[in-house]
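Here the protein sequences come in this chain order: A and B. Taking the numbering used here, the leading residue of the first sequence gets 760, the next gets one more, and so forth. Taking the numbering used here, the leading residue of the second sequence gets 61, the next gets one more, and so forth.
Everything labelled a hint here was simulated from the structure, so no lab data went into it. Since this is a predicted model, take the numbers as computed values, not measurements. Note that beta-carbon positions come from the ideal geometry of N, C-alpha and C, so glycine has one too. Just to be clear, a hint being listed does not mean it is correct.
As the list claims (entries may be wrong) - Here are a few chain A residues that face chain B, going by a calculated C-beta distance under 8 Å: (1) 856; (2) 858; (3) 887; (4) 889; (5) 891; (6) 892; (7) 895.
Claimed, not checked - In silico contact screen, one side only, chain A against chain B (beta carbon under 7 Å); selected entries: (8) 878; (9) 885; (10) 968.
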Amino acid sequence: MTELEKKELQIMACKVRMGIIDSTNAAKCGHPGGSLSAAEMFTYLYQKELNVDPANPQWADRDRFVLSKGHTAPGLYAALAHRGFFPVEDLLTLRKIDSYLQGHPNMTMVPGVDMSTGSLGQGISCAVGMALGLRFQGKNARVYSLLGDGEIQEGQVWEACMSASHYGLDNLCIIIDNNGLQIDGNIRDVMSPYPIADKLIAFGFHTIAIDGHDFDQIEAAFAEAKTVKGKPTAIVMNTVKGKGVSFMENNAGWHGKATNPAEYEIASAELKAALAELEGM
Amino acid sequence: MADVKKIATREGYGQALVELGQAHENIVVLDADLAGATKTGTFKKAFPDRHLNFGIAEGNMMSAAAGLAATGMVPFASSFAMFATGRAFEQIRNSIAYPRLNVKVCASHGGISVGEDGASHQCCEDYALMRSLPGMVVMSPADNVECIAMVKAAYEYVGPVYIRTGRSAVPVFHGEDFKFQIGKGEVVREGSDIAIIANGLMVYEAMKAGEALAEQGINALIVNMATIKPLDEELVLEAARKCGKVITCEEHSVIGGLGEAVCSLLSEKLPTPVKRIGMNDEFGRSGPAAELLQHYGLCAENIVKVTKDFLGK
């Protein structure tokens, strides 16, 4: 990508982060930490990678995205809104009683959401089913699924990996957001899933390790995934939980809580400054 | 009653799948290492490319079925009732029922008639688990003919469905011209002294009981309530109104199944005395199916006894 394209993506990632902070702040709850760590991924998927049409969210030939770590819905919603699936202002209705923006993604309510998720470990299995379904129908569309690194403690994830490999699903690309933290603390301390890449290789995946905040590496990983035949691809991305908001970075306490008014002012000011710097560059 | 041929309802499932597979390209059948027992192996033989074995991993199979349905396929996901609805309950709830995806969960080996494998495999809780899910259709056929019709109706219906079939051969009493409709009960015997509402293999037991009772001057109204949810409320109310007393019979716990569905309806709309025949809040055990059914009172003799006690005769 050109430097200009990269800067546009960085600007968009910053706007997605603002959407995450604004929406969870308005809801007074939600999951900012793991949404922020995947902000570049959400941005790249919906701005560059996914072949989708906001004017026709149910288009049968579209690529599919399954947010297996469904609690990071604020990140997905912000990316969908900025891609034009629904108004950005609606992000402020997150988790409210009359809103279609449920705490966890609901495919029957939100334009652009391809699968209802929230119970960890199930989304990747749904993605396996989608990849099989698209292959049955001879469609070239691809399926992407984003998982948390804590989520892969669920046994179902490995059942899904086994089946993705068994059925040679080269139209499936999973992404593991390795931010290193889960609700109860460091994933190493809670229940270590390491070594992640080695496990995925053993389960038959083509595995790529990247810095999840680097758009060049994200672009290269997806390009490589498309060249892999006969097996699924896993991108293990090293990220910082809470990335972009100083006091949230690398702090498990921000897994599932929203800012108070004072914290919101700081977070918002930081993101506005980051955006101004990018736009001024 | 005259001797009739006996076929396990799971056989009808395999047969119906093949017929559906010939007519519809979007059907795909999933199993979890039990294709021989659930009879999806019959479909596999006919359409090997559309049969997906997920190995011994029911949770993954159910969520994958949801993904398949989301792309427009019509998946029939099979296992034993215990593992389909028990092990994979939460996958059925969150991946299938909540997004209201068009998945047909069809489980064999429901109830006590599993026999020698014992309590670990005798699922008497599946109706309760599936009934509790919003929007889920819950059904169980009384014989092979009804099973075939039911599976075809499940395909035509858009939305999540649970069907329980049985392991043991049971009498086939429906004629080939039988028509099945989801949510409609079937009066298999007219009467007005007692209403007996049954499903699964208990329907034929109820019919046998009906003959024995008739010889003693008691005319039972017998209903085959193959759809447990949505319940044919009109027919239950009509039967209760006509007879004044109701007995439910099911190869399931008395908690959460057909009996409780009937009681819930009647207690709110037409309070009527009810006796429930089923597994009385206990686990089963190993043994031949026929002996187990006798042991737990899931048989014509017990229906006759309960009826006479209930009527004070």
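Q: State the violated hints by number, sorted upward, taking the hints as numbered earlier in the document.
A: 1, 2, 10
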